[in-house]
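Asks: Based on these hints, arrange chains Z and L on the given structure of chain D.
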Amino acid sequence: MHDVADPKAHLDLMKTIKSEPLADKHLGEGKTLGLVFFNPSLRTRLSSQKAAKNLGMEVLVMNVGSDGWALEMEDGVVMNGTTQEHIKEAVGVLSTYCDIIGVRSFGALTDSEEDEKEKVLSAFDLHATVPIISLESATGHPLQAWADMLTIVENSTKPRPKVVLTWAPHPKALPQAVANSFVDAMKCMDADFVVACPEGMELSPERMKGVEVIHNQEEAFQNADFVYAKNWSSYSDYGAVNTENNHWTVSSEKLDPETKFMHCLPVRRNVVVADTVLDSPASLVLQQAENRVYSMQAVLHKLLSHGE
Amino acid sequence: MHDVADPKAHLDLMKTIKSEPLADKHLGEGKTLGLVFFNPSLRTRLSSQKAAKNLGMEVLVMNVGSDGWALEMEDGVVMNGTTQEHIKEAVGVLSTYCDIIGVRSFGALTDSEEDEKEKVLSAFDLHATVPIISLESATGHPLQAWADMLTIVENSTKPRPKVVLTWAPHPKALPQAVANSFVDAMKCMDADFVVACPEGMELSPERMKGVEVIHNQEEAFQNADFVYAKNWSSYSDYGAVNTENNHWTVSSEKLDPETKFMHCLPVRRNVVVADTVLDSPASLVLQQAENRVYSMQAVLHKLLSHGE
Amino acid sequence: MHDVADPKAHLDLMKTIKSEPLADKHLGEGKTLGLVFFNPSLRTRLSSQKAAKNLGMEVLVMNVGSDGWALEMEDGVVMNGTTQEHIKEAVGVLSTYCDIIGVRSFGALTDSEEDEKEKVLSAFDLHATVPIISLESATGHPLQAWADMLTIVENSTKPRPKVVLTWAPHPKALPQAVANSFVDAMKCMDADFVVACPEGMELSPERMKGVEVIHNQEEAFQNADFVYAKNWSSYSDYGAVNTENNHWTVSSEKLDPETKFMHCLPVRRNVVVADTVLDSPASLVLQQAENRVYSMQAVLHKLLSHGE
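Chains as they are written, first to last, in the numbering used here: chain D, 932 to 1239; chain Z, 932 to 1239; chain L, 932 to 1239.
Just chain D, same shape as in the assembly (with noise of 0.2 Å):
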């Protein structure tokens, strides 16, 4: 988000080339897209392989480890063990053979210092030479949030929606990227914006700093006009899974008949939320995949017009 100076002038790029995706399929002709991943994708990949292909760019996908690529990510090391190659080579390398680098990682979730270091992504910006996209850190998501932040405006009918961001049950401890990304958002853009979780559940305090947050998810989702609902493990007992809050799953009965329904997906059904709300037209969560495409698709061609 820290990179887009201006979030208006770059949602309005994004509705643009949502209007018309293949108006600038030339921009990216004879350029190469290396994708990076550190952790499997399916969402990531198709949208960006499709932002890619519909500016004319190559793509090259690399998959660590499943690839047989053992990446040394520290300085000085005898590299007798089991790694193959030292990230300085790898993404030296792929500067030679992209123009444009995408890498996703995740944190390991055990210590929140070494995952807010973003050593991956961190490294890839080190060592290329040319530009790096994040599609999913240790602690953020930009891509996704971007996605998000369009569908609230082709959806709201207001100049100012409230916006509710929830923590939902999940039997997995899942990273606080896309939360992180979307309190980041909330920030840009003109909502009355609450954070609903169990006591606990905040957000690293950085994040939360100057952001609303309730504890009573009924409280909270009242009068909402956007209620996104996402799992995150614990920031304060980093990565711990919370197993006491069943009941936050987001049901019809808790959400306003005009409240629209959000998440990133993947999603677990009667979980994180149930059957009848995915299932009703209150539902974005396909638009907001769909918007992925457009939020890749905009970071490439402000990065392919860079140089024009």
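If chains are identical, the list can't say which one is meant, so a pair holds when it fits in one copy or spans any two.
No farther apart than 27 Å at their CA atoms in a straight line, the calculated lysine-lysine pairs in the DSS-like style are these: (1) 949 with 1118; (2) 1233 with 1050; (3) 1089 with 946; (4) 1233 with 962; (5) 956 with 1233; (6) 962 with 946; (7) 939 with 949; (8) 1118 with 1089.
FYI, nobody ran anything at the bench for these hints, they're computed from the structure.
This structure is a prediction, so every number in the text was calculated from the model and none was measured.
Replies: Relative to the frame of chain D, chains Z and L by itself:
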């Protein structure tokens, strides 16, 4: 097969496309084909990619499972187990990224009624907002059957050739899908068609309706113009491997000098068919494989032309 | 290397292509490159994809094994075991889908005679009806050697540079393929060429014919313009790892200030070569990796131009 009103016209379209595969390379410009594999695939993936590229389409490939994507197929489930995404969302999202989706699935071969429900393919049909193409399902493989029909037409010297589909040995339990669709195909063609199989290895009663069955392979092969070998597991003892008929391996000695040999590949040499057959000019297996490109391209061509 | 009659002209073609990689982007239009990997690959896959795309070709990638594709290599086998498809059919089918096929395989490093038969590559050559390109085989890696030659030509300030290929330590048994092809390459170039290796670590007698060998690394490095480091396992004690010469790690102290350092990557830092070398301007490793695109593109260019 059932989607094609006029088989003769469809075969003519395939022939036209084969004679000039790149003639309509702008038809699919800006369009995306999604290929979803619930099972590993090689020939199907490559021929589909090639067909799409011949029409100028972009291709997005997804491997369920190996791409770390565990799909929930049942309705109403509380997804607190191993599945991460419901097929409703998966197909919904793919529909926003793709203009046409091809899907390959297999049956479990444990319950014929279950397999005949075609749960995966039906779920795609139900939840997609774009056309769905079967790249083989639990009980059928129409694209293979179209490639086979074209191969017969290309090699037939008679208005009504004799065609034998013969069961052949195999160490593993294989689906009936290819055989089923070949039977359907022969019902559309002017052919003297016979199924040769050991007693008890007939396909489903519904499929065999009106089809001549001979349990003596030698008798069935007499004066055959085309012998199509294929293993399938038992229908009556659903999914059982028949291990008592290893003498059903097709060999040169069993075939007339004029008889052409067919198989959909991959084929286990000297189990399903002897080297001497596959390595002789009688074998049409590579032509069948090549024609897979045109059977896919013809379907894509029709779907892309539909809106014109 | 043996397929190229005039090395000088081939290097000139590579230079021309590198100066304008997209100049012939219509040469491969409508043509398909198949890439078959018997072993994981990253650099090779990406550089080949990029080279093909630069010429307008489509690319189909197949991973033997991980794509669920167990190939039978032996003739006359009764395939009732684990292999599912014979290489005859696999290559035959690929020949119908692809205009050119690249294949990467490795030796087993257990029997030099077996590896020298190059079973996989030979089977592709034998059964394909389209040109086959080696993307590294059991005993050679010609595309790497061409990239290396170009790198030397680009960086050489002398008509006859001194080039040293030095063995370096590595914890695992690596093939001799890269070293073999580099030796072949140096025989084609006007270079003062020396192989430095511990006693007993010479490459095959046939390869070493006419090549100067020095067992003292320090002596070999004197006045070297280029030092190419590479580990290989023993030829005489075929496939054995040499663990007694860890002092052969290349370090800055061992190199003249003017000496350029080369390695084909991936490289184990501080095992094969010290950080101080790789992180200095002496290192040409990224340029070598970049030149892999042009070594592939030159071969594709020739094959595509052949029919004109």
